[in-house]
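Undergrad: Given next are the chains, with one letter for each unit.
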Amino acid sequence: MSDSVPAASQSNRGDDFDRRDAAWYVDRLVHLLVFLGGVSAILFILGIFVFITREGLGYLTASFSPSEFFGSIEWRPTSDTKPTYGILALLTGTAAVSGLAMVVAIPFSLGAAIFIGELSEGKTREILKVLVEMLAAIPSVVWGFIGLSIMNPFIIDAFDVPVGLNVLNAGLILGLMAAPIMTTIAEDALKAVPDHYREAAEAMGATRWQVIFRVVLPTAKNGLVAAVLLGVGRAFGETMAVLMASGHSVNMPTSPFDSVRALTATIAAELGETAHGSEHYRVLFTIGIFLFLITFCINLIADLIVRGIRKK
Amino acid sequence: MTMKIAIETHDLSFWYGDFQALFDVNLSIKHGRITSLIGPSGCGKSTLLRSINRINERIGNARSTGQILIHGHDILAPEVELLQVRKEVGMVFQRPNPLPLSIRDNVLFGYRLHHGKRGLKSSERDRIVEKALSKVLLWDSVKDRLDHTATQLSLEEQQKLCIARLLPVQPEVLLMDEPCSALDPSATEAVEELVWDLRDQFTIVLVTHNMAQARRASDECIFMLLGKVIEHSETGEMFVNPSCQETADYIEGRYG
Numbered sequence: 001m002s003d004s005v006p007a008a009s010q011s012n013r014g015d016d017f018d019r020r021d022a023a024w025y026v027d028r029l030v031h032l033l034v035f036l037g038g039v040s041a042i043l044f045i046l047g048i049f050v051f052i053t054r055e056g057l058g059y060l061t062a063s064f065s066p067s068e069f070f071g072s073i074e075w076r077p078t079s080d081t082k083p084t085y086g087i088l089a090l091l092t093g094t095a096a097v098s099g100l101a102m103v104v105a106i107p108f109s110l111g112a113a114i115f116i117g118e119l120s121e122g123k124t125r126e127i128l129k130v131l132v133e134m135l136a137a138i139p140s141v142v143w144g145f146i147g148l149s150i151m152n153p154f155i156i157d158a159f160d161v162p163v164g165l166n167v168l169n170a171g172l173i174l175g176l177m178a179a180p181i182m183t184t185i186a187e188d189a190l191k192a193v194p195d196h197y198r199e200a201a202e203a204m205g206a207t208r209w210q211v212i213f214r215v216v217l218p219t220a221k222n223g224l225v226a227a228v229l230l231g232v233g234r235a236f237g238e239t240m241a242v243l244m245a246s247g248h249s250v251n252m253p254t255s256p257f258d259s260v261r262a263l264t265a266t267i268a269a270e271l272g273e274t275a276h277g278s279e280h281y282r283v284l285f286t287i288g289i290f291l292f293l294i295t296f297c298i299n300l301i302a303d304l305i306v307r308g309i310r311k312k
Numbered sequence: 313m314t315m316k317i318a319i320e321t322h323d324l325s326f327w328y329g330d331f332q333a334l335f336d337v338n339l340s341i342k343h344g345r346i347t348s349l350i351g352p353s354g355c356g357k358s359t360l361l362r363s364i365n366r367i368n369e370r371i372g373n374a375r376s377t378g379q380i381l382i383h384g385h386d387i388l389a390p391e392v393e394l395l396q397v398r399k400e401v402g403m404v405f406q407r408p409n410p411l412p413l414s415i416r417d418n419v420l421f422g423y424r425l426h427h428g429k430r431g432l433k434s435s436e437r438d439r440i441v442e443k444a445l446s447k448v449l450l451w452d453s454v455k456d457r458l459d460h461t462a463t464q465l466s467l468e469e470q471q472k473l474c475i476a477r478l479l480p481v482q483p484e485v486l487l488m489d490e491p492c493s494a495l496d497p498s499a500t501e502a503v504e505e506l507v508w509d510l511r512d513q514f515t516i517v518l519v520t521h522n523m524a525q526a527r528r529a530s531d532e533c534i535f536m537l538l539g540k541v542i543e544h545s546e547t548g549e550m551f552v553n554p555s556c557q558e559t560a561d562y563i564e565g566r567y568g
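Keeping their order, the protein sequence lines are chains A and B.
Each residue of the first sequence is one higher than the last, beginning at 1 in our numbering.
Each residue of the second sequence is one higher than the last, beginning at 313 in our numbering.
Hints are computed from structural coordinates only; laboratory data are not their basis.
Note that the coordinates shown come from a computational prediction; the quantities given were computed from them, not determined experimentally.
Some hints here could point you the wrong way.
With the Cβ distance kept under 7 Å, some of the chain B side facing chain A (calculated, not the full set) [unchecked claim]:
#1 409
#2 412
#3 422
#4 425
Virtual Cβ for every residue (Gly too), placed ideally from N, Cα, C.
For reference, chain A alone in the conformation it holds in the complex (with noise of 0.2 Å):
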């Protein structure tokens, strides 16, 4: 065997240690992109911030009064005496369309995971996961036409009252446009809990749910608080769902059945009909500001909880 070898001359062996083949630049190549990719991501993110602060600030800097501002709830910009920028209405619109949206999807979203992660099976299991992804994508604005088309007629049968656009319509929609990306990103976190704790449990003779309900939920606890915050936040920013299922009028909601009015949607329906560079114009961005501080803000909480499981 070792006859049929070509002996390798001696001399030259280790002269071309420095020597730099095709794989060494595609490497190199692959790295800078990777780099470029990453940076630019938050490159865009800091220009995106800047953007909406240099467009509000002007509002900010000159004539904003916290106490108008968030403290009124007269949202009356195209006003020809003397326009008033209260957002609390809105704040207030926001706040109970996604905290009913949150009583929805919450159940929702934690019964579907614990089905698909725990107790279902093999297909099932596979087909229940694809078709929760597919919910996740379906665009908001078919959701708002579910909201004005079917869920408005519904309500004002069920409970007899004169308008089905409300805070009850829109977070029935946004619950249900939530509880996919919620249940995706629950399920993650029970799969994450090892298996050997089921194992242990169900060796001392732990039934299924004292399984789940004193092992795993317990375990998994921090992705599920982090998944339940990633849909407060989906629901937070959620803007075309809201302005169509919302009944998009300024008003103190008193009950589920009153009309109210979003920021995002305010933003939206709004912004197009401002000049540039007006004090209309400003305000809304610095409500943009606003939006984009509270949904940073819940993120980042979420992102801290989600690294907090990793480490232990």
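Given the coordinates of chain A, assemble chain B onto it according to the supplied hints.
TA: Quick look at chain B alone, frame taken from chain A:
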């Protein structure tokens, strides 16, 4: 020497899907002794062990025929409740697997499953915890940190805790699936000594890969090969004077 028989199997066969892991296993395992299951990887010793508290039914396509009698009652009978079987037959796993709860809650976990969560006075609770942890020689080192998470303990302490948490429900049988394979030599010695001290009150079945461990830590040995029991005898007898050629070859390390 007449000893009470704790576990008997009659023509026990076991399948994972189409793969048959056990073939007509007939055994009787005595109370108050440590019985080792030995044999090369894939011989079915873990499968046999895990069928004694039916934990291997967690795998969806598992199926068995024959009988496993514990005190004369067939635990494979259709009317048997798994909860009750697992109360009688506790299990210790290869990797220590305390639950991510406090040390106290780990010890009480099984007790609470079987007695309900309420109606447990705190004095009663403390007594149960102290008794179980004392029995595994862990009480002195953990008594001041019962509220700490059990997963922060050393592996040796974790494995002892996994034994301790079985004791409050007073099982008859303790199954141990290579309980020392994740431990260092000194921890192995400590756990072996503990198991040796527990043997009077329980029926202990131990799976091990380690011939030396089987020899020093068990009263009887069962040698398995390809899903069948080849030989079952006193440990001293098997290691000095095995009756089958396969046993002799395995013990002497000619294969496996």
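Undergrad: Each hint should be assessed against the structure and marked as holding or not.
TA: Going through the hints against the structure:
1. 409: Holds: closest Cβ of chain A sits about 4 Å from residue 409/B, inside 7 Å.
2. 412: For residue 412/B, the interface hint holds, since the closest Cβ of chain A sits about 5 Å away, which is under 7 Å.
3. 422: holds (4 Å)
4. 425: holds (5 Å)
Consistency with the previously given hints is maintained throughout, with no hint failing.
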